Amino acid sequence: EVQLVESGGGLVQPGGSLRLACAASGFTFSTYHMTWVRQGPGKGLEWVAYISSARSIIYYAASVKGRFTISRDNDVNSLYLQMNSLRDDDTAVYYCARAPPWSYWYFDLWGRGTLVTVSS
Amino acid sequence: EIVLTQSPGTLSLSPGERATLSCRASQSFNSNYLAWYQQKVGQAPSLVIYGASSRATGIPDRFSGSGSGTDFTLTITRLEPEDFAVYYCQHYGGFSWTFGQGTKVEIK
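Just so you know, the protein sequences line up as chains F and U, in that order. Quick note on the numbering used here: the first sequence kicks off at 1 and runs consecutively. Quick note on the numbering used here: the second sequence kicks off at 1 and runs consecutively.
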């Protein structure tokens, strides 16, 4: 089955760190570009970070640049998001999503998400 | 950065009716970079339309996308019960991806 499964969410104090993972299966992970998108409670979607298939291109949203790091391991079909210096407004469901090899500007498969709660 | 404004915020319709959702951009851009997503309650978003008018795999033909420049539209010709959801438009440009605030299509 073609799917993405996120893990690693949880409760963390402000200023703390968390590492999210996204396991891909059912498709050739190494050929797809990947991204993280988050959704705050009762809010809309916000793009967070992007990594190209070969890891050569990485972009971040201004709201997380310098605090979050996106990475991937194509040998184990996994995407990661290292989140440091977490703030209250980072509280959200974090989704991983893939972008097709031929068009990185839209996302054709999404995981179910993992909830990150930043609170003291 | 381009801002996407969706209207209306909420659309109250009955099954079988036609839904017309608008997405307006603060600047003109290539329509290839416009996509629409559907998000049902408690679920992840899923791709509906890409390139402004191309349906994603498995999307029924009652869904159609149109538009260019700054004005884009998602139309659902005859609403089915499973179509009631929140719809987001999304744009890529300048090394970032932005979403509209969403339109909720609810049962009247």
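Hints were generated in silico from the structure; no laboratory data involved. A portion of the hints provided could be inaccurate.
[As the list claims (entries may be wrong)] Interface residues of chain F toward chain U, partial, derived using beta-carbon atoms under 10 Å:
(1) Ile57
(2) Asp75
(3) Val76
(4) Tyr95
(5) Pro100
(6) Val118
As the structure is a prediction and not an experimental result, all values here were calculated from the model. Backbone N, C-alpha and C define an ideal beta-carbon position, used for all residues, glycine too.
Each hint, compared with the structure:
Against a cut-off of 10 Å between C-beta atoms, the interface hint on Ile57 (chain F) holds, since the closest Cβ of chain U lies about 9 Å away. At its closest, the beta carbon of Asp75 (chain F) sits 26 Å from a beta carbon of chain U; the interface hint therefore is violated under the 10 Å criterion. The interface hint given for Val76 (chain F) is broken, as the beta carbon of that residue sits about 22 Å from the closest beta carbon of chain U, more than 10 Å. Hint status for Tyr95 (chain F): holds, given a least beta-carbon distance of 6 Å to chain U, under 10 Å.
Restraint check, Pro100 (chain F) versus chain U: the minimum CB separation of about 9 Å is within 10 Å; hint holds. At its closest, the beta carbon of Val118 (chain F) sits 21 Å from a beta carbon of chain U; the interface hint therefore is violated under the 10 Å criterion.
Of the numbered hints given earlier, the model fails hints 2, 3, 6; all others are met.
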